[in-house]
Amino acid sequence: MAELLRQAWTIARKDLLLEFRSRTAIMSAAVFTALVLVVFNFGRDPTAVPTLTIAPSILWVTFTFAGMVALNRAFELELENLTLDGLLLSPISRHSLYLGKLAANLVFVAAVETIGLFLFAVLFDVPIWHVLGALVGVIALATLGFIAVGTLFSAMVLRTRFAELMLPVLLLPFLMLPLRWAVQATSALLAARPLSEMMGSLKLLAAYDIVFVTLATLLFPSIVEE
Amino acid sequence: MSLVQKGRGITLVGLALLGGVYVRALAFTPVERLQGPAQKIYYLHVPAAIWTETAIIMVGLAGAFYLFLGDRRLDLFAQASAEVGTVFATIVLTTGPIWGKPIWGTWWTWDARLTSMLLLFFLYLGYLLMRGAVRDPALAARYGAVLGICGACLVPFIHFSVYFFPTLHPQPIVLKPSTPSLPGSMLTTFLSSFAVFTLLYVGFVTQRYAIGREKELGEAGSHA
Chain A
1 MAELLRQAWT IARKDLLLEF RSRTAIMSAA VFTALVLVVF NFGRDPTAVP
51 TLTIAPSILW VTFTFAGMVA LNRAFELELE NLTLDGLLLS PISRHSLYLG
101 KLAANLVFVA AVETIGLFLF AVLFDVPIWH VLGALVGVIA LATLGFIAVG
151 TLFSAMVLRT RFAELMLPVL LLPFLMLPLR WAVQATSALL AARPLSEMMG
201 SLKLLAAYDI VFVTLATLLF PSIVEE
Chain B
1 MSLVQKGRGI TLVGLALLGG VYVRALAFTP VERLQGPAQK IYYLHVPAAI
51 WTETAIIMVG LAGAFYLFLG DRRLDLFAQA SAEVGTVFAT IVLTTGPIWG
101 KPIWGTWWTW DARLTSMLLL FFLYLGYLLM RGAVRDPALA ARYGAVLGIC
151 GACLVPFIHF SVYFFPTLHP QPIVLKPSTP SLPGSMLTTF LSSFAVFTLL
201 YVGFVTQRYA IGREKELGEA GSHA
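Sequence lines, in order, name chains A and B. Count the first sequence with the working numbering and you get residues 1 to 226, in order. Count the second sequence with the working numbering and you get residues 1 to 224, in order.
Everything labelled a hint here was simulated from the structure, so no lab data went into it. Don't take every hint at face value.
[Stated by the list, open to error] Coverage of chain B stretches by chain A, computed from C-beta distances (three or more under 8 Å per stretch; other residues unrestricted):
hint	segment
1	130-137
2	141-152
[Said to hold, decoys possible] With the C-beta cut set under 7 Å, the calculated list includes, among others, these residues of chain B facing chain A:
hint	residue
3	Leu67
4	Val87
5	Thr90
6	Leu114
7	Phe122
8	Gly126
9	Phe157
The C-beta atom is built at its ideal place from N, Cα and C for all residues, glycine as well.
Okay, chain B solo, but in the shape it has when bound (with noise of 0.2 Å):
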């Protein structure tokens, strides 16, 4: 079986059991009281949320993995866990609206957990839209390597920025200092969604990667 294959299975596995999760959300969870039925995004929202910031560490970490290795490999990856990040960026940024709406009275606020994710995602584009802009493929790996490892840098302050200012967003009730504070059937939806985002990161950085790699040799064959 070949890793795009591999990478295909696991993004199905993936999806099937994100419609498992959904199920439990909608008919197994309960709802919540003040919120509603609109609480139900938050399964869809915050894993991708985590997600989003992750890759992008991902994609800073392999930077300078890259810089120091040489490894094209790392590039590879580097570039589909980016590609990865915009994507779930972009379901953080429709489902957030979608949920602000009904809760909140308007689709967006220039809250500072919004704007952050604005900046992610405008991160990630920039990245996207430089390596397409640069013709050499060893020069683009190193701009990716150096804008990827800036981006990472800049996560922690995203972070602390959303802590020094008054933010209109619900406060994280799972990955905080003191323990979670959602009741248990909801946290175990939550986790199980967690596992499946995790499972389609995987999924989708494997099946990226692999159509990378197998253009390069590719391409390597066709110069030989």
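Same shape as in the complex, but just chain A (with noise of 0.2 Å):
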């Protein structure tokens, strides 16, 4: 267990430094995720619809199309040069494998996701600082669910045609409903309701991260086998 964790922290800790050393993805993901926002102001009636009735499904929105920009490029980085091949040469078990690129993807969405909700909280004024460490706590648990099933497929899509319109198409029946639960918990947080309300939904995204990391995981061999 020990050697397996070790392995992944390789290789996410390779995947984080080109990240760091180049900053072109991470600097364009955040743009990508100001820009939404901004869309989504001009495609609501601010006189129609109340703000914070919409704002938790501004932030979702936001975050699942994020999270599917930064999804795409976690393996495409290891097509130039042949690099996949040399990783699943290397004496690194697949598992390891999988779980690193998990995290390296994980830490690439949260730094996104960290510019996404302050930028969300300014431009929609939405009240967010009083419910924060909770709010991190609904994001991190969701985003979990959806970055382990989206790391698999992004892997998955590689080696298809038109890689970046099959990855949504296959990605995004699986995030429709921890879509869903965030977005229902967010809106009790948001409107300040008592912790029983939301309670259903994040029971269930804790048992989706449960299975699909778990399903991820054991999965991920098989598609990068040759």
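Starting from two chains that each stand alone, build the complex the way the hints lay out.
Next up, the structure:
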């Protein structure tokens, strides 16, 4: 187990280091997130719908699209100079490779979400600061499941035609349920509802995380096997 | 008799029996007191919905066994089951609105149950599109297996979601923990329809499987 995690950390560190050195992907993803938020501003009538009513939807649709952009680059990174083959030939277990990629994606998406959350609070004047801790918890819970399935599928679409198009087509049906639970939990949180009102959604999100992180770790070797 | 012909035979028997079920449903089964004749669609809608969900579980099971055993036939079965599941999901998503318009006053509502079925439909479409986007058959089979397993694992969540959130959709009256609350004659019609849909699933899948098998054997022969 320790060896598995150590190898996973090596992979994650490599990806994050590459990201940190160039910073192109993270900057592009952050700008993209800001643009989606701006698009939302133009796509609604503020006199017809109160901001707080649609705020959770704005937040989660933005995170979904930003996550998708981040996932597309996870394995594309390995296409240049056939480095994926190198990784597969190296004495690193396939499970570690998956967990490493998952960890790097989570850090990447968390960075983008942090920027997104801040911009969301400022641009739409949503009072998030008094529930920030709990909101971060909900975001973390939902993002884990989302990125777990996404990391698995992004490795899969690599060798399909129209990879950029195929990822959302495969992934979105898997994201709609956690998206719905996350929106419900966020709505309850922003409206200062009691914890009992969001427990159902939180339990489902946690169950989803456990099932899909385990499943994706187990299935990943079948995807990259030659 | 070849497997394709056997599958075709089963399907034709199934379709003839479906006609019989509808004669029984329209002429010999009482009209529901509140919903009137619109309720007759129930005998088509519910069995198709049950088989839509069962078919994706079959795809997942076949996928799991394929990853262990590597038997091409399992993949052919999974592919066949996914295609038939797509057809059944289409039946559910077509008959639902036809019932919904007179009863609910709308073709569609974003209710938990309706949305769940739509999710399953997109899941099937994704599976079929992905299979078409991979050139190498062995790779497509492995990807299909992984996607099928993930899809089958999503089904329980779809179910739980339905019970967690408020729904307009009628609650189950046959498949529920207590005894079915459908009157005897309606229950008989429903069970006959369910048996016919089972036959149709077997017939369609057998045909599709046999066609896939013949195609593969043909390709192997032409390469030899």
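Verification of the hints:
1. 130-137: holds (count 5)
2. 141-152: Answer holds; 7 residues pass the 8 Å Cβ test.
3. Leu67: holds (5 Å)
4. Val87: violated (18 Å)
5. Thr90: Nearest chain A Cβ about 16 Å off; hint violated.
6. Leu114: Hint violated; Leu114 (chain B) Cβ to chain A Cβ min 13 Å, cut 7 Å.
7. Phe122: With Cβ-Cβ at 4 Å, under 7 Å, it holds.
8. Gly126: holds (5 Å)
9. Phe157: Holds, about 6 Å.
Going down the numbered hints, you'll see the structure goes against 4, 5, 6, while the others check out.
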